[in-house]
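**Q** Each chain, letter by letter, is given below.
Number of protein chains: 4
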Amino acid sequence: MLPEGRSRRSGDGRRDLTAIAISCFARYGYQGTSIDRIAREAGVTKGAIYHHFRSKEDLLAAAVMDRIGEFETRVQSACRAAAPDESLRRIAEVCAQHATSEDRPRFAIKLMVESIETNDPVVEEMRGMMRRFRAFLRNIIRAGQDGALFRADADADALAALFTSAVIGAETQFYLDPKRFSLEHTLETFVDQMLDNLRLAGAAQAREGGAIRD
Amino acid sequence: MLPEGRSRRSGDGRRDLTAIAISCFARYGYQGTSIDRIAREAGVTKGAIYHHFRSKEDLLAAAVMDRIGEFETRVQSACRAAAPDESLRRIAEVCAQHATSEDRPRFAIKLMVESIETNDPVVEEMRGMMRRFRAFLRNIIRAGQDGALFRADADADALAALFTSAVIGAETQFYLDPKRFSLEHTLETFVDQMLDNLRLAGAAQAREGGAIRD
Amino acid sequence: MLPEGRSRRSGDGRRDLTAIAISCFARYGYQGTSIDRIAREAGVTKGAIYHHFRSKEDLLAAAVMDRIGEFETRVQSACRAAAPDESLRRIAEVCAQHATSEDRPRFAIKLMVESIETNDPVVEEMRGMMRRFRAFLRNIIRAGQDGALFRADADADALAALFTSAVIGAETQFYLDPKRFSLEHTLETFVDQMLDNLRLAGAAQAREGGAIRD
Amino acid sequence: MLPEGRSRRSGDGRRDLTAIAISCFARYGYQGTSIDRIAREAGVTKGAIYHHFRSKEDLLAAAVMDRIGEFETRVQSACRAAAPDESLRRIAEVCAQHATSEDRPRFAIKLMVESIETNDPVVEEMRGMMRRFRAFLRNIIRAGQDGALFRADADADALAALFTSAVIGAETQFYLDPKRFSLEHTLETFVDQMLDNLRLAGAAQAREGGAIRD
DNA sequence: TATGAATGAGCGTTCATTCAT
DNA sequence: TATGAATGAACGCTCATTCAT
Chain A
23 MLPEGRSRRS GDGRRDLTAI AISCFARYGY QGTSIDRIAR EAGVTKGAIY HHFRSKEDLL
83 AAAVMDRIGE FETRVQSACR AAAPDESLRR IAEVCAQHAT SEDRPRFAIK LMVESIETND
143 PVVEEMRGMM RRFRAFLRNI IRAGQDGALF RADADADALA ALFTSAVIGA ETQFYLDPKR
203 FSLEHTLETF VDQMLDNLRL AGAAQAREGG AIRD
Chain B
23 MLPEGRSRRS GDGRRDLTAI AISCFARYGY QGTSIDRIAR EAGVTKGAIY HHFRSKEDLL
83 AAAVMDRIGE FETRVQSACR AAAPDESLRR IAEVCAQHAT SEDRPRFAIK LMVESIETND
143 PVVEEMRGMM RRFRAFLRNI IRAGQDGALF RADADADALA ALFTSAVIGA ETQFYLDPKR
203 FSLEHTLETF VDQMLDNLRL AGAAQAREGG AIRD
Chain C
23 MLPEGRSRRS GDGRRDLTAI AISCFARYGY QGTSIDRIAR EAGVTKGAIY HHFRSKEDLL
83 AAAVMDRIGE FETRVQSACR AAAPDESLRR IAEVCAQHAT SEDRPRFAIK LMVESIETND
143 PVVEEMRGMM RRFRAFLRNI IRAGQDGALF RADADADALA ALFTSAVIGA ETQFYLDPKR
203 FSLEHTLETF VDQMLDNLRL AGAAQAREGG AIRD
Chain D
23 MLPEGRSRRS GDGRRDLTAI AISCFARYGY QGTSIDRIAR EAGVTKGAIY HHFRSKEDLL
83 AAAVMDRIGE FETRVQSACR AAAPDESLRR IAEVCAQHAT SEDRPRFAIK LMVESIETND
143 PVVEEMRGMM RRFRAFLRNI IRAGQDGALF RADADADALA ALFTSAVIGA ETQFYLDPKR
203 FSLEHTLETF VDQMLDNLRL AGAAQAREGG AIRD
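Here the protein sequences come in this chain order: A, B, C and D.
First residue of the first sequence? That's 23 in the numbering used here, and the numbers climb one at a time after it.
First residue of the second sequence? That's 23 in the numbering used here, and the numbers climb one at a time after it.
First residue of the third sequence? That's 23 in the numbering used here, and the numbers climb one at a time after it.
First residue of the fourth sequence? That's 23 in the numbering used here, and the numbers climb one at a time after it.
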């Protein structure tokens with residue numbers, strides 16, 4: 023009779039369940055989320071979940087894929103047609119928004135940390151995403167070097183790893199202590215610092231007022 | 023008869039159990055570690071654990087206090103009698119060593135992330151440690167500013183938050199993908215970058231031009 | 023295939039489990055009955071019990087409600103259309119039967135005594151039942167007084183409390199020492215004595231003066 | 023140094039522990055009382071208890087013996103040199119006092135009911151006490167019959183059983199619902215009723231001041 | 001006479017999963 | 001497509017008991 027009794031139902035059971043699972047995993051972690059809880063929040067029975075997913079891990083995998091895809095799409099579209107320095111700035115902004123948005127936060131951090139030291143296929147997925155993210159950043163930096171915007175002697179790999187570190191570490195601190203930790207300000211500070219160091223002498227000298235460096 | 027039948031036993035049951043619990047929590051997280059597993063690794067029965075600790079949470083609290091104390095001691099003693107810039111460099115080194123040492127790693131990261139969004143007293147403990155760490159870093163930076171070593175217009179609070187972010191984020195990536203992520207190099211890159219930006223023009227030149235340093 | 027594999031199964035899992043729980047609680051008390059035992063006697067696993075009841079206390083509550091309802095129904099229907107003196111006699115008989123029947127006995131006594139000094143909602147339920155039972159008896163006595171069958175100066179409240187005491191105390195002794203304690207004879211003696219004292223002089227003399235009775 | 027650090031210590035460890043055990047068993051029942059609790063309330067360790075008693079059951083036996091002895095002494099001394107009717111009245115008073123006194127109540131009722139259907143030697147003890155109590159009452163009634171104070175055709179055995187029932191049932195209700203059940207009044211009502219029925223016609227009239235009653 | 005560490009069995013409960021309908 | 005009954009293993013925890021000191 024009533025096609026919509028509960029909340030968050032779209033008619034595509036699998037998709038709805040994935041969304042609710044993401045929300046639960048983000049809040050309680052993978053181990054802290056029971057199939058029962060997901061079923062309850064979705065307004066269905068446990069059996070329905072096992073109709074759509076072979077196991078809890080399978081549901082997790084679907085959730086992780088969904089989020090990774092969405093994150094990568096957002097990052098890429100944020101950089102479209104932007105100069106390298108502007109791209110770095112925008113990526114930091116996207117990460118900050120992503121972390122403070124209503125229903126997404128914590129998912130990646132929680133899952134990434136929780137799956138450390140396990141061998142699930144889902145860990146491989148997350149490792150892959152991190153590698154792709156670092157490679158993406160590195161390519162931006164290299165593009166800046168190729169375009170004579172950034173110093174040619176900078177270690178693009180190390181800077182990409184560092185950028186990623188700043189994002190992850192700032193997110194983590196923000197989740198732990200949101201009242202005392204400013205995620206945006208921290209990432210802004212980071213990008214400023216990195217660009218200061220990356221930009222060619224002319225720009226750098228302008229700011230530092232000095233001559234010789236490198 | 024045999025004072026040492028199993029592994030890792032020192033005669034102080036409570037202390038041994040705390041050490042083993044830390045090791046388990048670091049590997050599998052709090053929820054992922056069963057009391058049974060700790061008991062098995064310690065070579066005792068579950069009952070023995072409950073003889074020393076009132077609950078699993080109590081054991082966790084003991085483990086957290088132990089590690090926090092040890093970490094803070096190491097950081098402080100690494101900075102003793104060092105100049106501000108050298109202090110920052112040494113703290114990064116301590117963090118890298120701490121993260122790659124045999125039986126300690128992952129504990130703080132795992133627990134910090136896992137306890138996000140809960141209200142256990144242990145979370146408060148971790149929040150406190152993070153705040154103290156940031157305050158410690160900020161004071162070092164301010165000391166550098168007061169001693170005319172660092173630029174006076176730098177935002178010490180933001181830089182302290184950023185330093186902490188870099189450490190946490192680099193640790194996290196290292197744990198997830200140790201073969202492809204160089205923790206030491208990332209943190210070294212970070213400290214170089216930060217000191218470059220912090221140091222006054224004259225000092226920076228002095229250092230990189232060679233000679234005087236230390 | 024086989025609709026009836028084990029013992030005492032009706033197809034209504036919840037109802038069956040309640041019946042078996044009553045039987046166990048009656049024999050071993052609440053604390054003395056493990057969920058495992060109930061499951062074993064029901065021929066299911068513990069999990070099945072937790073599918074139907076949220077907790078052991080919930081199962082107890084269901085059991086208590088079931089018995090209270092059944093007892094009150096029996097008492098009321100035994101009194102239907104009977105004169106007050108006859109009602110008292112019949113209630114005593116119902117209590118005696120109730121106490122000596124195959125699968126019911128001891129449940130109320132065990133639970134009542136065991137739950138003394140606790141504050142569970144189930145205790146409130148039992149207190150309520152006792153109060154209702156005493157009120158029911160008191161109303162019967164008052165009806166006898168109103169109908170000039172019983173002495174008007176008798177304390178109906180005290181006699182109702184006393185009647186209840188005799189039933190409970192006789193049941194208790196019977197359960198402890200069934201070979202040496204005659205439940206029926208004790209309650210019969212009690213009702214005789216009470217009616218002797220309650221009945222108006224004329225009626226009493228008729229009985230004791232000999233003749234008619236029997 | 024300090025021979026008396028805690029509460030309730032007399033120097034006789036076994037006796038102290040018995041007293042505390044009685045208090046615990048009375049409050050929580052046998053199954054509901056852990057050795058740990060008794061030890062804690064006594065201010066000693068569990069080992070100390072096992073030094074004095076071979077097992078929990080052994081401790082229970084000691085507690086039961088202690089209470090039975092004390093109760094029987096009180097009942098007997100209450101009847102010393104009293105006429106049969108007065109004896110019955112005093113026994114009811116002793117029972118009421120016993121049940122409402124500070125540290126004794128509930129013990130007998132709790133244990134008696136809890137041990138129903140078990141075969142512990144302690145049950146035999148309680149059965150024995152109940153039998154002796156009924157025999158004691160029966161002998162008092164017979165003495166009244168022999169002294170022409172009570173009707174010769176009364177069933178002394180049944181009346182003794184009934185007296186005991188009233189006491190146990192009134193105690194039970196009182197413990198369950200002390201605010202709404204008057205133990206003293208109920209037992210007084212009972213003794214009045216029983217003596218009214220027992221006393222010879224002449225005596226009864228003598229007591230109530232004559233013939234006319236109602 | 002007492003302690004305190006430790007055991008081992010058991011308890012109430014949770015949970016991922018299966019399956020007949 | 002979904003339900004709901006049921007399983008079985010594991011979990012955090014309790015407790016009577018033992019034993020070296």
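Just so you know, the hints here were simulated from the structure itself, not pulled from any lab data.
Don't take every hint at face value.
The list cannot tell twin chains apart, which means a pair is met if one copy fits it or any two copies do.
With a cut-off of at most 16 Å between alpha-carbon atoms, the simulated EDC-like pairs for lysine to aspartate or glutamate come out as follows [as the list claims (entries may be wrong)]: (1) Lys201 / Asp179; (2) Lys68 / Asp214; (3) Lys68 / Glu79.
**Q** It remains to establish, for every hint, whether it holds in the given structure.
**A** Now the hints, each set against the structure:
no. : hint            : in the structure
1   : Lys201 / Asp179 : between (33 Å within a copy, 14 Å between copies)
2   : Lys68 / Asp214  : neither (49 Å within a copy, 53 Å between copies)
3   : Lys68 / Glu79   : within (14 Å within a copy, 25 Å between copies)
In summary, the one numbered hint that this structure violates is 2.
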